[in-house]
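Protein chains: 2
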Amino acid sequence: MEYRKIKDEDDDGGTVSDDIENIRGKGFPGVASVSTVPPREQAKWKRKTIVTLALTFLTSSQAILIVWSKRAGKYEYSVTTANFLVETLKCALSLAALARIWKNEGVTDDNRLSTTLDEVIVYPIPALLYLVKNLLQYYIFAYVDAPGYQILKNLNIISTGVLYRIILKKKLSEIQWAAFILLCAGCTTAQLNSRSDQVLQTPLPGWIMAIVMALLSGFAGVYTEAIIKKRPSRNINVQNFWLYIFGMAFNVVAILVQDFDAVMNKGFFHGYSIITTLMILNHALSGIAVSMVMKYADNIVKVYSTSVAMLLTAVVSVFLFGFNLSLAFFLGATVVSVSVYLHSAGKQQR
Amino acid sequence: MEYRKIKDEDDDGGTVSDDIENIRGKGFPGVASVSTVPPREQAKWKRKTIVTLALTFLTSSQAILIVWSKRAGKYEYSVTTANFLVETLKCALSLAALARIWKNEGVTDDNRLSTTLDEVIVYPIPALLYLVKNLLQYYIFAYVDAPGYQILKNLNIISTGVLYRIILKKKLSEIQWAAFILLCAGCTTAQLNSRSDQVLQTPLPGWIMAIVMALLSGFAGVYTEAIIKKRPSRNINVQNFWLYIFGMAFNVVAILVQDFDAVMNKGFFHGYSIITTLMILNHALSGIAVSMVMKYADNIVKVYSTSVAMLLTAVVSVFLFGFNLSLAFFLGATVVSVSVYLHSAGKQQR
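Just so you know, the sequences run in chain order A and B.
In this text, residue positions in the first sequence follow our numbering: the first is 22, and each later residue adds one.
In this text, residue positions in the second sequence follow our numbering: the first is 22, and each later residue adds one.
Heads up, a few of these hints could be off.
Unchecked claim - A short, non-exhaustive set of chain A residues, derived as facing chain B with CB atoms under 10 Å:
1) Ile202
2) Leu213
3) Ser254
4) Asn286
5) Asn345
6) Leu346
Everything labelled a hint here was simulated from the structure, so no lab data went into it.
Beta carbons are placed, not taken as given, at the ideal position from N, Cα and C, and that holds for glycine.
Generate the whole structure from the sequences, applying the supplied hints.
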């Protein structure tokens, strides 16, 4: 059994690009340089940079942990219990952060844990969308193999851009759209291998499912951003707490449906190892980083962040595991790098 | 024996992009629309568009003729005689065009055939540069195979851009540089096949030769542009005439050195067929189109033109010869298309 959820988020796209974007964007000819930006803007930019770098670092180390643990053999633990622990850990970390804030700032309207039905009713929706997407995942493998699915997942990049535009009504400049298409093409190129052409033979139902999954995943991401940004002054840890509470609830259902017997017979923690623990820890932290990026940056930054992380993972794997980089990887990495630059350069056009 | 020169120019890079560039550039927000452009500018733009489209069409049909003739079996004729005929035909066509001009406009300082040493002394230089490059070509195959060489030839794109900047002192905007890097990455991606990774194992002398060849080829192209543009009012047909006279002279030497015995024993036209004739005709016309693009546009347009032609060839080959397009081709074609768009969008930045 595999730690599917980790693999999943790994591709759902976020960005080291945005800090680059900001550094460049601010130092660009005709645009105020960093030093003339008001302190509040600077603080915002710093926060955005930190969460973006954190997401990139966590996402790339996530993939490396997966490779590492695979070398050590197959997992024996149940995916659903691991996912439940990830949600629980994220919930606990949000509460810990809140406790510190309450101690320092006192309880206010923005950081109190209690909520209204009006605020909380939308929180289960992203979790539900991911659930449907994960269910579809079982069926799509009737049409494509796993490496082919990894390639098709790059459709998420395009669907996120389109839904970001439609749902959040935010504009990307023409050059930023061009950059987004390049990001998708570059990521796919970097993942090409000798059997990738089989993807083109995917039958129509496979294509439709891939597109539906990309839309669900993009919608879940953009919807989460909409929820979190709807109340800008609301503390992110409270928002996370409620998101994760529903995540826990959904995962309890998943354990009961899918792994009830295994958990009953072998125990909840059967098959756990140091690597499992590290992966759960990493996954929880990157989940929080995703939320932070949604709050302080956006889905576009998230997509860039995870794309750059994918490239970083490959480069680090050369040193750690002796992997070879293909010519396709170099070409894809070049295209992704140019895309990151263009996303920042395209900001002026907006 | 293969019609090497045809294959060669096929990759030396030139653009359908520029007409797009112009159409877009002019219809762009904030920039005057086509209808408000003065008639002289419009005529210039029209001429630029026509020569660019002609070059793209001729280059792509050139490659298709090569595939077609290969299917019909190997060539029996000598390459040097075919190259000589190409130069002779170009010379004859230039003279024919001049005769018409003389009849209509009379002989002027700009269209008279007689020249000065000062004007003509630089004309043999591009031909010499190509000669050295073609000699190197024999040696590089000790390090890379033919498909690998096709991939390395994309370095011409970068060398042309760099030398264009240095020698002609013309500026490309940052976005146009990004577009140029993308053009190189996209063309290479489109040509990827299962054995392309071997290129990365090319030994150092192979890389050095590939880079030297790219620089020679880029230098020859940029130098030709410099020669032709040095006297803007001089009639292009006179300039071509002198370029081609030296081309003929160099090819006479090549026949004597390389194929003297074969020509003496079997005759000058031994092994010629309808396809050979078509290829010579096509090659002569595209040679003239390259000169026209140098005169009325530039090397950047030439590089885009031949890159787009490479993609067109592949698409047309699907219908003509039942070729399959790879996923890498689609990705490369996407990147090249975005590059064409960015080159036009980047014009405003300049």
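Hints versus structure:
1. The interface hint given for Ile202 of chain A holds, since its Cβ lies 6 Å from the closest Cβ of chain B, which is under the 10 Å cut-off.
2. Because the closest C-beta pair between Leu213 of chain A and chain B is about 6 Å apart, less than 10 Å, the hint holds.
3. Annotation: Ser254 of chain A was flagged as interfacial toward chain B, and the flag is violated, the nearest CB pair being 37 Å apart, outside 10 Å.
4. Using the Cβ-Cβ criterion of 10 Å, the hint placing Asn286 of chain A at the interface with chain B is not satisfied: the shortest such distance is roughly 45 Å.
5. For Asn345 of chain A, the shortest C-beta to C-beta distance to chain B is roughly 8 Å, which falls under 10 Å, so the interface hint holds.
6. A least Cβ separation of about 8 Å between Leu346 of chain A and chain B falls short of the 10 Å threshold, and the interface hint therefore holds.
Of the numbered hints listed earlier, those contradicted by the structure are 3 and 4.
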